[in-house]
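Colleague: All chains should be modelled from the sequences, with the hints used to inform the complete structure.
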Amino acid sequence: MKTGNRASVRGDDFRNSPPVDYVGIVERAERFTARSIKSITKRAGLNMVLNMIDLTTLEGADTPNKVRQLCYKAEHLHDSIPGLPTTAAVCVFPPFVKTARDALGDKSPVKIASVATYFPSGHTTLKSKLEETKRAVSDGADEVDMVISRGRFLSGDYNYVFDEIAAVKEACGDARLKVILETGELATLDNVRRASDIAIHAGGDFIKTSTGKIASAATIPVTLVMLLAIRDHYAKTGKMVGMKPAGGISKSKLALHYLVMVKETLGEKWLTNQWFRFGASSLANDVLMQVAKLESGHYQAAQYFSKD
Amino acid sequence: MAKKKSSSDWEYASAPETTAVNIAKRYDHFINGKWTTPSNKKYFATTSPSTGRKLSEVAEGSKKDVDTAVKAARVAYNGAWGKMSGRERGKYIYRIARLIQERAREFAIIETMDGGKPIRESRDIDIPLAANHFFYNAGWADKLEYAFPNMPVKSLGVAGQVIPWNFPFLMAAWKIAPALATGNTVVLKPAETTPLTALKLAEVIADAGLPDGVVNIVTGAGETGAAIVNHPDVDKVAFTGSTGVGKLIQKSVAGTDKKITLELGGKAANIILEDAPIDQAVEGVVNGIYFNQGHVCCAGSRLFVQENIYDEVMWKLKQRMDTLVIGDPLDKNTDVGAINSKEQLRTIKRYIKQGLKGGADMYQPECDLPIKGNWFPPTVFTNVAQSSIIAKEEIFGPVLAVQTFRTVSEVIEKANNTPYGLSAGVWCDKGSRLFQVAGALDAGVVWGNTFNKFDPTSPFGGFKESGYGREGGLHGLGAYLDLPL
Amino acid sequence: MKRIEVLKTYKLYIGGKFPRTESGRYYTPEGRGGKALGNICQGSRKDFRNAVVAARAAAGGWGKRDPFNRSQILYRIAEMLEGRAAQFEDELKQQGSTTAAARKEVQVAVDQCIYYAGWCDKYQQTFSSVNPVASAHFNFSVYQPMGVVAVFAPEKSALAGLLGTILPIIAGGNACVVLASESKPLCAITLAEVLATSDLTGGVINILTGNRDELLDNVSTHMDVNAVVASDLTDAHKATIKANATHNLKRVIIRKEDPAKSESPYPILATQEIKTTWHPIESSIAAGSGY
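Taken in order, these protein sequences are the chains called A, B and C.
Going by my numbering, 252 is the number at position 252 of the first sequence; the sequence numbering is gapless.
Going by my numbering, 1242 is the number at position 242 of the second sequence; the sequence numbering is gapless.
Going by my numbering, 2082 is the number at position 82 of the third sequence; the sequence numbering is gapless.
Honestly, the hints are just simulated from the structure, not real lab data.
Treat the hints loosely; a few may be bogus.
[What the hints assert, rightly or not] Partner residues are not named here, just some residues of chain A that face chain B (Cβ under 7 Å, in silico):
id, residue
1, P19
2, V20
3, D21
4, G24
5, R28
6, A34
7, S36
8, K38
9, S39
10, I40
11, T41
12, R43
13, L228
14, E264
15, E268
16, L271
For glycine and all other residues, C-beta sits at the position ideal for the given N, C-alpha and C.
Modeller: Below you can see the structure in the form of structure tokens.
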């Protein structure tokens, strides 16, 4: 795929990431949400959504039992409906990685993702971040969700942010690295684009919107900006990078609109859990209710779906 | 980014708009508040361009019918409407706006059935915008003395209005709302291929209880339009359509004191500078030329791309074109609908032939077009010369001609190198440069980092051979007032 | 011994220069008491063509000048006019005015320069608009000069009417080609001399003398003329101009009021196009408030 000599115009200097027009992004986002997803498309889409979920618990009050329940749910979303997929992964704090590995065993299709690097603030030394990352991986994490240093980013220290991501990536070894930009703290879509470029160039396997710990989490416009960064990188290098919107996606209709966006921005190739994930806790149940409605014809009530 | 589609792809299932609509088998003229049979008893069919199916038949307006309508409009002007206060006039116009909102879904479906445009557009753009035009102008009716300070507020009389088929309902609103707000009465003729929503508007006007004869709607083809334009008791002619017909109209009324406004053709330049937000620019290009199948006078039909970003823009544009859904206009997922008429389809095909013959390269996304009806895929021509026909003439279809440039002064010169001057677009991240280019473009509407945006408060109209006079906004009121110079 | 008066040669004014008509023709209008006013150039279609070229060349620069600067230049014209008051009065009398009427007309003419000088940097402010569109866009409409305007000057009011027609056109940044009053051409030619020594760029105002009937077609069909402003037209002239204007859709502005008597910004707006510009506005994004 030809991309012209854009690089010679802007180079890979992160101060020169391509500009983003906020209103244009929002308008494009509205076109995705205007798509009407019906019948077989809806059913196939809902299955895809379930299979893309990183079923998440990231609470101070988490316990091993809570994590074990989560792992069971990830593999058995709703046993009364046959043919449901598992979720893509469970996502937990580092101390619970071992618990999750014990619960899922080595053959489960469900991956174990662990947040690391002093999630959610990231305020510690690089040394601590690397130690935490290594421990999570050696405890059995398949994937590491790190946070970038937003303070350093906002003060313009892009090289620091880049180097830190690269170091964590190295510490991950074979585990896949998801880089959380915490877009709600980045203030502008231009910054979201710039942070995406940095994370991708530094070796992130996925870029991820949010920790879910602040009010402003994943939105369609923010995710679109990140998808466009992924697309531009793919066009230049042929290297695929994954995307994980997280936080604020709790309804199946919204999740389907994310799939529309991925399909129309990156193409069908990204419509698998290898390249696209939802970071969510309550989304799974809403999707299950929709699936049950499609199967039974009846609108559903929450009491029939397990709250884990 | 894969272009080839496979059976495992997650494709959108059809999602047709289903609300029932009420279309009569036959429509008469709406004259003097009554449905009036045509004097020659002749009717003609209006068909759906997406299926070829006949939807209804409408009256063929004769000179005599037009005369009856103008007389009714004159009586209303001299009578109830002319004597009414601006405040009361405004209330009637507000009523029309509300009634349109209440019946918006029905209007959207009929507009899409009769004209072929995607339901997404008629539902989200045409119909709400039309209602907004009535709302906006209604509020002017009792405030006209503030619009043109130190000028007497004086209406013109009977306005004869001839509108096109690309935005049938919206154009009716653009024309009728300011005419009524300024105290004129109206004889309006919708285009012969898209008469239905104007006739549904007649129902609304009747429901709103406007005095008889204030708005008259006469259907027919070119001759009916000519009869309105040339009627000696018409004081104001407002026309939207082709530059060719616009010129004929001006010529035919040259010997009279009729006030004219003409909204005519265009060949808008859409300019992408090297520092532009490219993905949004590409989206603007797509909206600029494939909106309403390119049946848009202000369509961005000429794309100018700075040479050093040309490759990137083109692959992004083609990729975006590949995602456009073409087909049943009533499907909520359709992005590009049917070509409005067989005649227009022939015109487009003729230009395509000329483009290819001229040596330009053509790209069209792979798509299965329906067998029945009038269809043409989104098309882009590259390697186009400034002097080639596809870069010069208005095609009025989903056909984009791309050229490159090296410097800002070069692109301004090329962009202005046309007799048209309706609209233009410029994409640039640097404010000082964007406003330099916007200022230098000979066009009545310039979209900076956006395209094809419309609003009742925003004056619309062209420079040069794209016509004269403005519609919309404060300035649009001037077209319907007698302002002495 | 009685001194022999030096008589004036009357010429055209094109592009800041004073050429004779290329056609070599002249006519001799009669003034007060049937006395010949002089040999006046009978401008031809080629003179008109040359004048349009000069006007087009000047229009761009004139239209881009700061309105403040245009204002000063119009004010300078008033100063120069005032200094030549006696000459203008004398010519008006030669053309048939009474002494009182001549004096009055010159005063009106000077005052019109002041009036329109003041408007140069105010009509935009008064009549432009910011349009409150219902979307996240900044939208504004401004006036822009049409470019080259051809003028059929009032036949009767040879100075005040002439200036009352031209000034609004150039105040708005257009260039013009004027066909002066056929029967009363003297003031127009003297005005050209005033303009030539003012700060006005050559070509912004071009003045021809000649026959209206003869030039009507050429003026109204010329494809590089953006607008025609005319006074004192017969119905036949009006119809011809409007019909001919369709070739390039040039704007036709028929002055209904006497330009000598009506001071108003609206004649400025009559030779302006309205340009509406849209630009997105990024919503203010406070941290944590979402996109």
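Colleague: Each hint needs a verdict: does it hold in this structure or not?
Modeller: Comparing the hints with the structure gives:
Evaluation of the P19(A) hint against chain B yields a held restraint, the C-beta minimum of about 4 Å falling below 7 Å. At about 6 Å, the closest approach between the beta carbon of V20(A) and any beta carbon in chain B falls short of 7 Å, and the interface hint on this residue holds. The interface hint given for D21(A) is met, as the beta carbon of that residue sits about 4 Å from the closest beta carbon of chain B, less than 7 Å. Given the 7 Å rule on beta carbons, the hint for G24(A) holds: about 3 Å separates it from the nearest Cβ of chain B.
The restraint placing R28(A) at the interface with chain B holds, with a minimum CB-CB distance near 5 Å, inside the 7 Å limit. This hint holds: A34(A) has a C-beta 6 Å from the nearest C-beta of chain B, less than the 7 Å allowed. Hint on S36(A) holds. Least Cβ distance to chain B is approximately 4 Å, under the 7 Å limit. Because the closest C-beta pair between K38(A) and chain B is about 5 Å apart, less than 7 Å, the hint holds.
A hinted interface residue such as S39(A) counts as satisfied when its beta carbon comes closer than 7 Å to some beta carbon of chain B; here the least separation is about 5 Å, so the hint holds. Because the beta carbon of I40(A) sits about 6 Å from the nearest beta carbon in chain B, less than 7 Å, this interface hint is met. The criterion of a C-beta within 7 Å of any C-beta in chain B is met by T41(A), whose closest approach is roughly 4 Å, and the hint holds. The closest approach between the C-beta of R43(A) and any C-beta of chain B is roughly 10 Å, which is over the 7 Å cut-off, so the hint fails.
The criterion of a C-beta within 7 Å of any C-beta in chain B is met by L228(A), whose closest approach is roughly 5 Å, and the hint holds. With 7 Å as the threshold, the beta carbon of E264(A) comes within range of chain B, its nearest partner Cβ sitting at about 4 Å, so the hint holds. Interface hint at E268(A): satisfied, since its Cβ lies 5 Å from the closest Cβ of chain B, which is below the 7 Å cut-off. Given the 7 Å rule on beta carbons, the hint for L271(A) holds: about 6 Å separates it from the nearest Cβ of chain B.
In terms of the numbered hints stated before, the structure departs from hint 12 and from no other.
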